[in-house]
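A.B. asks: As a plain string of letters, each chain reads:
Number of protein chains: 2
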Amino acid sequence: MEAAKTAKATEKYKNYIAILSTWVILATAIGILVGSVTSVLLNTNDFLGETREANTWLIYFLPLGGILIGYMYMYHGKESGNDAALGNNLVIEGVHGKSRVLRRMGPIVYIGTFITVLFGGSTGREGAAIQMGGSVSQGIIQFFKINPIDTKILLMSGISAAFAAAFGTPITGAIFGMEMVTLGKMKYNAFIACVVASFVAHYTTEKAWGVEHEKFIIQAIPELSIVTFAKVIAVSILFGLLSLLYCQLRHGIQKYTEKLFNKNHMIRAFVGGLVIIALTVLIGSYDYNGRGLDMLEQSFKEDVPPYAFIAKLVFTAVTLGTGFVGGEAIPLFFMGATLGNTLSTIVDLPMSFLAGLGLIAAFCAGANTPIAALFLSIEMFDGKGIEYFLVACLVSYIVSGHHGLWPSQSVYGSKS
Amino acid sequence: MEAAKTAKATEKYKNYIAILSTWVILATAIGILVGSVTSVLLNTNDFLGETREANTWLIYFLPLGGILIGYMYMYHGKESGNDAALGNNLVIEGVHGKSRVLRRMGPIVYIGTFITVLFGGSTGREGAAIQMGGSVSQGIIQFFKINPIDTKILLMSGISAAFAAAFGTPITGAIFGMEMVTLGKMKYNAFIACVVASFVAHYTTEKAWGVEHEKFIIQAIPELSIVTFAKVIAVSILFGLLSLLYCQLRHGIQKYTEKLFNKNHMIRAFVGGLVIIALTVLIGSYDYNGRGLDMLEQSFKEDVPPYAFIAKLVFTAVTLGTGFVGGEAIPLFFMGATLGNTLSTIVDLPMSFLAGLGLIAAFCAGANTPIAALFLSIEMFDGKGIEYFLVACLVSYIVSGHHGLWPSQSVYGSKS
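Those sequence lines, one after another, are chains A and B.
The numbering of the first sequence is the numbering used here, which starts it at 1 and goes up by one.
The numbering of the second sequence is the numbering used here, which starts it at 1 and goes up by one.
Bound-form chain A, shown alone (with noise of 0.2 Å):
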């Protein structure tokens, strides 16, 4: 009796070892591929982002590149009812089991985003980077022909392993790939597979790969008091509602496009580049097309156009909307810097922690993720002033209500 016991007992160790080991080899080799990836992602698009700046011109073939991608993702796009211009929602999806993430999804939106930043359309990088940690995770589930709930796991470490490398940031990366494909929920038996993937895709990306991540720096963090407390709260509503705003508009004009050309969506991107055509003329300015980095780090440091955060927000909101590529994560962290930025004129606290601040809590309301925004903050500002952070990302987490950059994310309960 007590013999067949120890023996069901070390059967059930033995095949919880085994299930642990293959989960760190599998996520082992998410990592090394989706950090390897990714580090062509970023060298490739710091060398186009370079060019365009040297070369101003090349925006006036933004309308012909949208013609590139719209028929990209019309004719090569789709694959047994799934789409990949649906971009991360079809990775959320492919999370909950209702759609197929497509191994050629990665590809086409690496393509994409270099048209879209070499003529200077404005996006990141990191909807690129997540889309190929799902596509890549995609093709190891189907060459290993992995069932359905470890294809969550798996897609969910791809996920990981895609911000880690993208934004240098691995602890960030892991929660990030558990927060993201909910809202209001984190799956912790992804835990080991997220953990795993999201350190080593960063390991490979800094040091196999060489790559440098951008450092913002807050130089003051305030004395915490009550009334230090209500000014961080106020300011994030803002915050909150400036990436309300941009979802709102974004999804808006990507409704309205749709209809209007009648899903073609060469057309639409072709329209979408020359609004940005002349939006750029406008504003004669190049500081709101592609990522936009110069004016990003500016306002952690000194005074940027009072208006900056609202242009920034209808560039990325045509770029994306009409089809283009890339990412909203950059974006968002430069509309809510230089809100921060413009409201340290009127707002008594230092410039570079309202530009912090603004940097993570507009992130924070469009992902809809606050734990993994909290943990960005900590691990881009050294852990400096977590208390302010934690309730900025509270405070735009509910502003921002159920609206967010990707509608597939599921609602789990009221966030209030």
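Everything labelled a hint here was simulated from the structure, so no lab data went into it.
Here the structure is a predicted model, which is why all the values come from computation and not from measurement.
Just so you know, not all the hints are guaranteed correct.
No distinction is drawn between identical chains; accordingly, a pair holds when it is met within one copy or between any pair of copies.
Within a straight-line C-alpha distance of at most 30 Å, the following computed DSS-like cross-link-like pairs (lysine-lysine) qualify [as the list claims (entries may be wrong)]:
hint, residue 1, residue 2
1, Lys384, Lys207
2, Lys301, Lys215
3, Lys14, Lys231
4, Lys12, Lys255
5, Lys231, Lys207
6, Lys259, Lys5
7, Lys301, Lys384
8, Lys215, Lys384
9, Lys5, Lys255
10, Lys231, Lys255
11, Lys5, Lys98
12, Lys14, Lys255
13, Lys384, Lys5
Since the structure of chain A is provided, determine the placement of chain B on it from the hints.
C.D. replies: Coordinates of chain B only, in the frame set by chain A:
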């Protein structure tokens, strides 16, 4: 049509604001109340602990103290099927709506903790804080006749407030309240209430009542490298096993003595007291009675006895397994930190770093709250070595399996 729509939206918005305001007000009330009563707990406990240290003979009254505690729980601890002796488990079940938290639970566990501490049982006080947090919330719930769903959230914010106040860590408190009640997912809908209660309780304790919390300093964090990660994983497995062993022994003693003495908690605790006296005489030191803060602090600075971790494990398992009360977090901190200290003689990592890892990992494995444990490391050690702490939390969380301090935690999905 449009006007009706706008009116409806305005109505919805007003509703939203009203609900939010209610939560902020209720959570603030809980924060102030729980912060204040926790201050009383901490100050009284410090006083009683010092009294015991100055009068070591008090230990000989521990068996009599046990009878008192047993009497309280047997004759005053039950009400319509709900048993205060379940301790934190009753609070957890209250959140899940399976039981009703008793208002009397807090006062009883306070008195029980005072007795345990004065007469030298090995215990902390965090359990008492959390149960009182639950009682205070329950008082508010019954006073305002709160509905079942909101009852959950109020209880969770009571837990958050208590944790924040007991440890001086508001962010960890907020996360802990959400994470403790379930194993494997967090309930974000309680986010706002937990954060507000946690912050208010923390500042009530520190600013209004002048409570000071212990500081543990990690002197050196090793450079990030694969070798160091491997070492961290190896020691974290040991910390996880340590916690597992403690939980098994503690619950084993409880089951065994309950059966042996036919649920007569007075005899159970009397015998438990005798065993503690015998153990204390045997080991010839009072280091393992009470909270043991001196040795816990020492373990970050200089060598402690190599058997300290196992001594504390046995002392605490006997104390709490036979019906004394208080808390298990500080004892777990002690076990983990002293095991880390002992390991520093064979593992080439800085002593204070190993002690810190042990403290966090042992707590994580026992409480099954990896994200809260990670935040605890950030708040305790100023964000130093966060990558290592994440790995330590993950590993110890996995090693501990589905065992933990509180059997009432529900399990959502497998951990692996």
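A.B. asks: None of the hints should be skipped; say for each whether it holds.
C.D. replies: Checked hints:
no., hint, in the structure
1, Lys384 with Lys207, "both (26 Å within a copy, 21 Å between copies)"
2, Lys301 with Lys215, "within (12 Å within a copy, 34 Å between copies)"
3, Lys14 with Lys231, "between (55 Å within a copy, 23 Å between copies)"
4, Lys12 with Lys255, "between (52 Å within a copy, 24 Å between copies)"
5, Lys231 with Lys207, "between (40 Å within a copy, 20 Å between copies)"
6, Lys259 with Lys5, "between (65 Å within a copy, 23 Å between copies)"
7, Lys301 with Lys384, "both (17 Å within a copy, 26 Å between copies)"
8, Lys215 with Lys384, "both (14 Å within a copy, 18 Å between copies)"
9, Lys5 with Lys255, "between (61 Å within a copy, 20 Å between copies)"
10, Lys231 with Lys255, "neither (36 Å within a copy, 53 Å between copies)"
11, Lys5 with Lys98, "neither (41 Å within a copy, 32 Å between copies)"
12, Lys14 with Lys255, "between (53 Å within a copy, 28 Å between copies)"
13, Lys384 with Lys5, "neither (52 Å within a copy, 44 Å between copies)"
When the structure is compared with the earlier hints, violations turn up for hints 10, 11, 13 and for no others.
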